[in-house]
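Novice: Letter by letter, the chains look like this.
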Amino acid sequence: MDIKKINETIQMISEEHFDIRTVTMGLSLLDCIGANGQQTAEKVYKKIIDKAGRLVATAQQLERDFGVPIVNKRISVTPISLLAGNSDYEGLLAIAHSLDRAAADVGVDFIGGYSALIQKGTTPSEQMLIESLPEVLSETNLLMSSINVASTKAGINLNAIRKMGETIKEIAEKDPLANAKLVVFANAVEDNPFMAGAFHGVSEDDAVINVGVSGPGVVKRALETVRDQPIDVVAEKIKTTAFKITRIGQLIGTLTAQKLGVPFGIVDLSLAPTPARGDSVAEVLEEIGLEQVGTQGTTAALMLLNDAVKKGGVMASQRVGGLSGAFIPVSEDAGMIDAAVAGTLTISKLEAMTAVCSVGLDMIAIPGDTPAATISAMIADEAAIGVQNNKTTAVRVIPVPGKGVGDEIDFGGLLGRAPIMPVINRSSEKFISRGGHIPAPIHSFKN
Amino acid sequence: MKRAVVTVIGKDRPGIIAGVSKTLAEKQANILDVSQTLMDTIFTMSMLIDVTEIDAQFDDLQNSLKQTGDALGVSVHIQREEIFNSISQI
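Chains as they are written, first to last, in this note's numbering: chain A, -5 to 441; chain B, -17 to 72.
It is worth saying that the hints were derived from the structure and are not from the lab.
Virtual Cβ for every residue (Gly too), placed ideally from N, Cα, C.
Treat the hints loosely; a few may be bogus.
What the hints assert, rightly or not - The calculated BS3-like cross-link candidates involving lysine-lysine, where the alpha carbons are at most 25 Å apart (straight line), are:
#1 A:-1 x A:147
#2 A:-1 x B:-16
#3 A:397 x A:168
#4 B:4 x B:-7
#5 A:-1 x A:304
#6 A:397 x A:343
#7 A:-1 x A:343
#8 A:-1 x B:-7
#9 A:-2 x B:-7
#10 A:41 x B:-16
#11 B:4 x B:48
#12 A:45 x A:233
#13 B:48 x B:-16
#14 B:-7 x A:253
#15 A:168 x A:114
#16 A:343 x A:114
#17 B:-7 x B:48
#18 A:-2 x B:48
#19 A:305 x A:231
#20 A:343 x A:304
#21 B:-16 x A:-2
Unchecked claim - Restraint-style ranges between C-beta atoms, simulated for each label pair:
#22 A:44 x B:14: 24 to 32 Å
#23 A:396 x B:-5: 33 to 41 Å
#24 B:-5 x A:312: 43 to 51 Å
#25 A:401 x B:-1: 52 to 60 Å
#26 A:223 x B:15: 33 to 41 Å
#27 A:223 x B:70: 21 to 29 Å
#28 A:44 x B:32: 34 to 42 Å
#29 A:196 x B:57: 45 to 53 Å
#30 A:229 x B:7: 46 to 54 Å
#31 B:-4 x A:309: 55 to 63 Å
#32 A:312 x B:14: 26 to 34 Å
#33 B:15 x A:229: 48 to 56 Å
#34 B:-1 x A:407: 22 to 30 Å
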């Protein structure tokens, strides 16, 4: 074996913050539906313990064998609204707590799937699930929730968006940090290993292992070797680096799946930051040539980065899926935090950036007195970008009661810290209170 | 055959190769190939070893090598071979 290759690999892992961001077991819970909510809750707990009991130990063994840190071990489950059709409210709460307890007992970091897909319409169980969010998210620790309110095929459910704006405000009153566990999607994907938006879609296997790779630090270091060279060299460099990163994701994912005796699902080719310095998507963009992320040129640089990551990763993996691209959460990225504090990075610019990258307005803290209609309107804007451009978009904002621009909130751990960012204070109330449904765009009529 | 790569990096001093080899021998890990070089005063060594016989005790070997490294003042890593192949071969 070539000694140079050995050193390169070791350097990628130990010095450049390469890690596997997440190994996620997707689990179908459709076979757990009982005669009522309480029965469902018991079956759900049992299935998670049965299927995911060895997940954490297996992942830890692979970390040791290969010397690659796996930052998060997670579970995603069938959208819970689908299990709750015959539950009453108490039963639904029982299911939520049973998920949280199962996650703690198997030792995973998060469990995702307290979700509802309501892009076109809302069933009573979906309505109930949304009503329960303030209570559930403030009372559980590991449970994550996502609500899909729009899709290219179905259009934008403005009623649902209005409700979500109000719900986010309500959650903030109970526990501001709980909103970090809720994401509102347009065009949600069924095989996404990233929280808070992970759930296990109905078209998936009974159990499956999905992997999300990380590695902005590795990309940044690679780009340092091509300083002052033309931009196509940059694109090429990102591509080859993404290829290598993805190969490790593929290896770890396949082995985890093999050891647990379940099929391997997808590698999500994403550059996802962590709050640690040197592991930041913002720093990659700055290495491309921006003085600070958020300045003019940011959207173009991000488009190049996102596209090159996908091109490099696609060949390296057997099956690619999920969201795939660059993530731009504010609180989880040291460079984004700096830019937001300096005022270079605004919500408007972030919104523009979401048109060319994965997901959307993510982990953004806003003033506590932001009206619900303004939050709904932010969601509607993001949904419009997703629906019109055939891509996934999302909103995860955190209104912080009692705090305003200039203050900061600390989430701790992987969720990082965020400055409160200014929101435009002109009302969107009349628009949002119209309710109803924004029709699907003309290009949705493809069959 | 199951193989792993041992890498050793640290300030040069007498006894590094002897110490690491001794631990490997004690644990019944067969050395297949060694590459060693001195970069300025930094000692670097990569070893390809056969771990087929002791696959189940991989953790144990990993811990022993770490202790040996600590005693010698160098950092010792052992990783299974697949990860290197996976990155650099299509």
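Novice: Each hint should be assessed against the structure and marked as holding or not.
Specialist: Status of each hint after checking the structure:
| no. | hint | in the structure |
| --- | --- | --- |
| 1 | A:-1 x A:147 | violated, 47 Å |
| 2 | A:-1 x B:-16 | holds, 19 Å |
| 3 | A:397 x A:168 | holds, 15 Å |
| 4 | B:4 x B:-7 | holds, 19 Å |
| 5 | A:-1 x A:304 | holds, 23 Å |
| 6 | A:397 x A:343 | holds, 22 Å |
| 7 | A:-1 x A:343 | violated, 40 Å |
| 8 | A:-1 x B:-7 | holds, 22 Å |
| 9 | A:-2 x B:-7 | holds, 20 Å |
| 10 | A:41 x B:-16 | violated, 35 Å |
| 11 | B:4 x B:48 | holds, 13 Å |
| 12 | A:45 x A:233 | violated, 36 Å |
| 13 | B:48 x B:-16 | holds, 20 Å |
| 14 | B:-7 x A:253 | violated, 39 Å |
| 15 | A:168 x A:114 | violated, 29 Å |
| 16 | A:343 x A:114 | violated, 29 Å |
| 17 | B:-7 x B:48 | holds, 16 Å |
| 18 | A:-2 x B:48 | holds, 23 Å |
| 19 | A:305 x A:231 | holds, 11 Å |
| 20 | A:343 x A:304 | holds, 23 Å |
| 21 | B:-16 x A:-2 | holds, 21 Å |
| 22 | A:44 x B:14: 24 to 32 Å | violated, 41 Å |
| 23 | A:396 x B:-5: 33 to 41 Å | violated, 59 Å |
| 24 | B:-5 x A:312: 43 to 51 Å | holds, 46 Å |
| 25 | A:401 x B:-1: 52 to 60 Å | holds, 57 Å |
| 26 | A:223 x B:15: 33 to 41 Å | holds, 36 Å |
| 27 | A:223 x B:70: 21 to 29 Å | holds, 23 Å |
| 28 | A:44 x B:32: 34 to 42 Å | holds, 37 Å |
| 29 | A:196 x B:57: 45 to 53 Å | holds, 48 Å |
| 30 | A:229 x B:7: 46 to 54 Å | holds, 49 Å |
| 31 | B:-4 x A:309: 55 to 63 Å | violated, 47 Å |
| 32 | A:312 x B:14: 26 to 34 Å | holds, 30 Å |
| 33 | B:15 x A:229: 48 to 56 Å | violated, 37 Å |
| 34 | B:-1 x A:407: 22 to 30 Å | violated, 42 Å |
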